[in-house]
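So the protein sequences, as listed, match chains C and U.
Every position in the first sequence, counted from 1, becomes a number in the working numbering once 111 is added.
Take the second sequence: its letter number 29 is residue 12 in the working numbering, and every next letter is one higher.
Quick caveat, the hints were computed from the structure, so don't treat them as lab data.
Mixed in with the good hints, there may be bad ones.
Computed list of lysine-lysine pairs in DSS-like fashion (alpha-carbon distance at most 30 Å, straight line) [claimed, not checked]:
| # | chain 1 | residue 1 | chain 2 | residue 2 |
| --- | --- | --- | --- | --- |
| 1 | C | K188 | U | K153 |
| 2 | U | K220 | U | K153 |
| 3 | U | K224 | U | K153 |
| 4 | C | K188 | U | K24 |
In silico contact screen, one side only, chain C against chain U (beta carbon under 7 Å); selected entries [said to hold, decoys possible]:
| # | residue |
| --- | --- |
| 5 | P129 |
| 6 | L150 |
| 7 | L274 |
| 8 | A275 |
| 9 | P276 |
Every residue gets a Cβ at the ideal spot worked out from N, C-alpha and C, and that includes glycine.
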Amino acid sequence: MMRLLAQQIREVLGVVAPLVVVICVLQLTVVRAPTALFLQFLAGSALATVGMLLLFTGIEVGILPMGRFIGAELPRKGSPSLILAVGFALGFATTVAEPDVLVLARQVEAASDGAIGAYGLTYVIAAGVGIFAALALVRILTRISIAHLLAGVYAVMILLSWLAPVEIIPLAYDAGSVTTGVLTTPVVLALALGLTSVLGERSAEDGFGLLGLASAGAIIAVLLLGLLP
Amino acid sequence: VTDVPTFGDVGRTAWSVVLAVAPLAGFFAAFQWLFLRLPAKEVSRILVGSVMASLGLFLFLLGVNIGFLPFGRLIGEAMGSLAPGWLFPLGALLGFVTTWGEPSVRILADQVEEASSGSIRRALVVPTICVGVAVAVGVGMVRIGYQIPLLWLLVPGYGLVIVAMCFTHKTFVAIAVDAGGVATGPMANTVLLALALGTASVIGGPDPLVHGLGLVALISLASVLAVMALGLLVHWKEGRKES
């Protein structure tokens, strides 16, 4: 594990450095924030770098294998309804737990003058994500073309955007971003890839698309709510 | 300066990580109990890795919140008082380097390289998503400057996605929509959102919230389009080689 950490150090420095350099240059030219705040920025950058190092190493060591094990085990235990339930539960639970979702839900509550309650909305978004995550796993099982499925989903999204009230639209599309937490992403990807690895006749690439569909689920859920009288 | 970090920030960040880990831990525990029955060695590896990743996420989010977030806002405000010609290039530059540091983008690119047995390289996927976000943030900043309605960009944009989908190889379609999801990770949600809100508070008209929001939607859309474009390019090159 120490070797893995050492490998990651160079990588992580290369990942964070460009942003830090650009902010430093802007600080010297146009921003000119007080020194104390700039020092706080440097301290924050150091924390973020160490954090990313541990994050990437931990994902490699524990999170990805966890997703792979679960994904590979799913079809062995048979029933498609179990896979459906797992997809829904995973999408629903991780979304309800995501703090950004509640922040967003409060904004929607404010934009709709309290007509849409924040907690109710959280569950609606989570249900949207859960349903679409389940749909994505079914797609892997049934080999429905991702292009056909997405074309339909995006067409519905465009149609709803036209009908929904204008002030709800930015919030709805922002909801799409809250479904992809840093820890959920590797679990979901590894789970889907693990699933494709044990099902015959599927290329490994069939495992992608789940995150995108889950995002669309959140967007459609908020747009639908906006349509309610 | 009002942005001095407090113990409240630390507690909130810690709590948000606990909330993010809890469902995954419960999920794994249920699976291990009911079906998996992995040996203790594997379970302890998964536990050690999860604890490490959670601690890392906590430090990362804390660092982003106390370090990058206030500067996103300050840079945004500074951009609002520059000549409008600066909105696109500076927005694009910040969009690129922020996404370069987005953890989820790296995770997706790693998995793509692995799943494609190295044929779709990470070194290709990451810059492609960064370019997509760069364009999105540039356009998003210009949108704030000129108060262009979001719908005018989103509807044609997603229309274009549907059209492009018919011509792009299905592997790239799937990777593209995932890219749209991961491009809007914690970095974009703090740094780039703060940037947009900062600029909107200076030049964005009466309601900075309405005009500042929506950037995230553009980032997601542009990442999808960028990866589809990469897919078209890759297959066009392969096609030329064969003929």
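Here is how each hint holds up against the structure:
| no. | hint | in the structure |
| --- | --- | --- |
| 1 | C:K188 with U:K153 | 29 Å, holds |
| 2 | U:K220 with U:K153 | 17 Å, holds |
| 3 | U:K224 with U:K153 | 20 Å, holds |
| 4 | C:K188 with U:K24 | 23 Å, holds |
| 5 | P129 | 4 Å, holds |
| 6 | L150 | 10 Å, violated |
| 7 | L274 | 11 Å, violated |
| 8 | A275 | 10 Å, violated |
| 9 | P276 | 11 Å, violated |
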